[in-house]
Amino acid sequence: MADATYSADEMMTIAAARLLRNRMVCFVGIGLPSAAANLARLTHAPDIVLIYESGTIGTKPSVLPLSIGDGELSATADTVVSVPEMFRYWLQGGRINVGFLGAAQIDRFANINTTVIGPYGKPKVRLPGAGGAPEIAASAGEVFIVLRQSARAFVEKLDFITSAGHLDGGDARKRAGFPGKGPTVVITDLGVLRPHPETKEFELVALHQGATREQAIAATGWKLKVADALETTPPPTKDELEVLRALHARTARAHGSSTVAA
Amino acid sequence: MAELTTLREAVAALIKDGDQVACEGFTHLIPHAAGHEIARQKKRNLSLVRMTPDLIYDQLIGMGCARELTFSWGGNPGVGSLHRFRDAVENGWPNPLVIHERSHADLANAFAAGAAGLPLAIMRGYIGSDLPKHNPQIKTLLCPFTGETLAAVPSVRPDVAVIHAQRADRKGNVLLQGIVGVQKETVLASKRAIVTVEEVVGSLDAPRNAVILPNWVVSAVCVVPRGARPSYTEGYYDRDNGFYKAWDVIAREREVFLAWMTKHVMSTADFADYERSIAAEQPKQVSHG
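Read top to bottom, the protein sequences are chains B and X.
When we follow the numbering used here, the leftmost residue of the first sequence carries the number 1, and every step to the right adds one.
When we follow the numbering used here, the leftmost residue of the second sequence carries the number 1, and every step to the right adds one.
If you are wondering where the hints come from, they were derived from the structure by calculation, not from laboratory data.
The beta-carbon is built from N, C-alpha and C at its ideal position, and this holds for glycine as well.
Any given hint could turn out to be false.
[To be verified] Computed list of chain X residues with no C-beta within reach of chain B, every gap over 12 Å: (1) Ala12; (2) Asp17; (3) Gln20; (4) Ala39; (5) Gly64; (6) Ala152; (7) Asp169; (8) Lys191; (9) Val200; (10) Val201; (11) Ser203; (12) Leu204; (13) Ala206; (14) Ser267; (15) Ala272.
[Said to hold, decoys possible] These stretches of chain X come out as covered by chain B in the derived footprint (C-beta under 8 Å, 3 or more residues): (16) 99-105; (17) 172-185; (18) 228-241.
Let the sequences and hints guide you as you build the complete structure.
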């Protein structure tokens with residue numbers, strides 16, 4: 001990125017945070033989604049309801065959790081429910097506005113692979129697997145996805161669909177009977193992608209300042225379509241950057257070093 | 001009726017080779033001390049069930065205790081891969097591992113169905129996912145009232161549940177607080193249950209709707225202070241996130257892993273001895289939360 005005062009990762013997190021609105025109910029994945037969701041809570045969306053699959057509802061962590069069930073999430077929650085209750089009443093019951101997910105790989109219809117690279121029975125790389133994502137992707141009102149853009153992550157064809165986006169496009173989601181709208185935005189370190197209203201193929205609609213169209217095309221394994229009216233993401237404000245950096249600094253201090261030598 | 005006993009005696013008496021064993025605890029309250037004892041007693045051919053295999057099953061898989069694994073998310077949270085799990089799946093080391101892969105919502109429902117004495121759980125799940133193509137246990141059925149297609153999955157009904165909790169009273173009634181995961185369901189779904197606790201107290205003195213497991217649904221209660229470490233016990237000690245990061249290095253290579261397990265787990269008498277062993281490794285950073 002040309003401007004050296006902030007990193008591409010910071011821009012990605014900030015751009016993702018801006019999409020969350022106050023009082024939304026957001027089911028948060030660990031990692032990048034968690035950073036963005038908490039940045040939103042600490043800036044423009046103080047009353048956003050953050051829910052993690054460990055059962056913590058309305059949690060307000062002062063440091064980012066390393067795991068989905070850190071004590072910080074429980075200690076700062078409005079309530080903590082069991083995991084079956086979380087998935088049955090709160091997610092399947094239709095209480096979630098936004099499912100906010102990361103991914104190892106996506107395709108042009110924002111289907112997600114977090115299971116294997118290569119054949120399932122003889123994987124080249126065994127990834128962690130589904131976790132809560134398949135049902136979050138199905139039942140949340142809509143889904144936001146945040147991940148770094150590269151040809152390895154944005155692939156022409158997934159080896160495995162763990163969590164469905166828009167399947168093979170068009171009205172496939174409606175025909176399959178999903179309760180939720182599915183992915184409505186993908187935020188990367190280069191820009192923002194949104195689905196075409198008819199085909200549901202994800203197209204580049206905004207570039208972060210300093211990123212180029214050529215970069216985005218090169219970092220996409222399918223032939224990336226670029227919107228005619230390509231927007232430029234406003235750069236981070238001073239406040240956004242300060243809050244994000246303070247959050248990361250607190251987190252690094254809190255996660256400290258091990259009690260045990262490797 | 002729960003017996004107050006040592007962990008060594010409980011594992012010896014209640015877990016047999018070939019059993020289906022569910023050591024539960026969702027990030028919080030993971031029964032690591034009990035996992036060590038299962039490895040130490042060289043239990044074999046276990047069918048392990050756990051939503052997140054975590055370090056506890058990475059250790060058991062790497063030590064050759066498991067023949068199959070039912071799970072829904074197999075990573076080291078916030079760190080990366082579980083290397084022993086991956087080595088078993090990708091290379092069959094130290095022995096081939098049959099996997100039954102499901103989603104969190106599925107396994108949470110399946111434990112609840114097991115507790116409810118049902119053969120199956122019904123949920124709205126797996127729509128558009130490739131998992132059902134690779135796991136024949138995941139099927140669908142039509143709702144007889146609305147005609148909606150729903151996922152049907154087998155319930156989980158283990159031989160043995162293993163969990164960690166804050167405390168028990170002298171009669172063996174157990175209290176869990178904080179992130180309680182699927183432990184109540186796991187205990188009620190299982191034929192036998194081993195519970196390790198931080199301490200035994202005169203009275204649990206718990207709020208009316210607290211998660212309490214009465215002594216007559218628990219087989220053994222074992223006092224093991226810090227027995228969830230490097231996971232945590234709310235109210236007692238924090239998660240040792242640094243250890244989760246260190247595990248990435250310990251578990252990456254087979255030889256390093258085996259040497260670490262041999263030195264700190266297989267050659268120690270119990271969890272307290274294990275703690276002394278790892279503390280000796282790096283005395284300046286010993287922490288007891």
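* **Which numbered hints fail** => Of the numbered hints, all hold.
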